[in-house]
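Student: Listed below, chain by chain, are the residues.
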Amino acid sequence: GAVVSQHPSRVICKSGTSVKIECRSLDFQATTMFWYRQFPKQSLMLMATSNEGSKATYEQGVEKDKFLINHASLTLSTLTVTSAHPEDSSFYICSASYGRGITTNEKLFFGSGTQLSVL
Amino acid sequence: GIQVEQSPPDLILQEGANSTLRCNFSDSVNNLQWFHQNPWGQLINLFYIPSGTKQNGRLSATTVATERYSLLYISSSQTTDSGVYFCAAGPNAGGTSYGKLTFGQGTILTVHP
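In order, the protein sequences belong to chains F and U. Numbering-wise, this note's numbering puts 65 at position 54 of the first sequence, and it's gapless, one number per residue. Numbering-wise, this note's numbering puts 210 at position 21 of the second sequence, and it's gapless, one number per residue.
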């Protein structure tokens, strides 16, 4: 199956710093990638949809200036948590699909996630 | 948006037992996937099953789209099956909803030796 690589797997940073998380589709081109957030013992919540070559679409309640998303190529999307604070500590997961249809939802493949801890 | 509910929230089994996990969704879907999240947080894609029945080894899944539910069957459970099982659904809307998945709250499965 398709492989989605996410890096780093774990990051610890000081409050006020920015952290960048990368999501790469290794063996396919992904026009669209998705970023999810998961708090301990909770479900995954969609944060934003990352579109190659255009601005990301954020879900309601997600601060776009706090969570900067860039999708510069068909194989790479990045999520930057700016001026991180302890409440931003969470597990972040990206996903991608190699489907290009606009009326069919194809199978989504997920990265292995990034555990962010802000001190 | 679409609502996804999973049951039971917790399940404890003895090794070798069978189990059924359920996922109800509130609207018609074009995407229904089951995942296993291991203790390290990695999501393993088990099934892509917007309708019908599929089997993969000891696991099988059935989605009855007209009745808006999906079932995941685990037979002869093993300790390595422990973890959280998520059901996620994508709406039958296309356009800006394309690819979006709504996750259920998960079922925490613990298999004892």
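Hints listed in this document are in silico derivations from the structure and should not be mistaken for laboratory results. Computed from a predicted structure; not experimentally measured. Possibly wrong hints are sitting among the right ones.
Stated by the list, open to error - Across the chosen pairs, the derived CB separations fall in these ranges:
#1 U/G205 - F/S128: 36 to 42 Å
#2 U/S240 - F/A83: 34 to 40 Å
#3 F/D76 - U/T268: 44 to 50 Å
Said to hold, decoys possible - To list a few chain U residues with every Cβ distance to chain F over 10 Å, as calculated:
#4 G205
#5 Y258
#6 Q294
Glycine included, C-beta positions come from ideal geometry on N, C-alpha and C.
Student: Looking back at the hints listed earlier, which ones does the structure fail to meet?
Tutor: Hint 6 is the one this structure does not satisfy, whereas the remaining hints hold.
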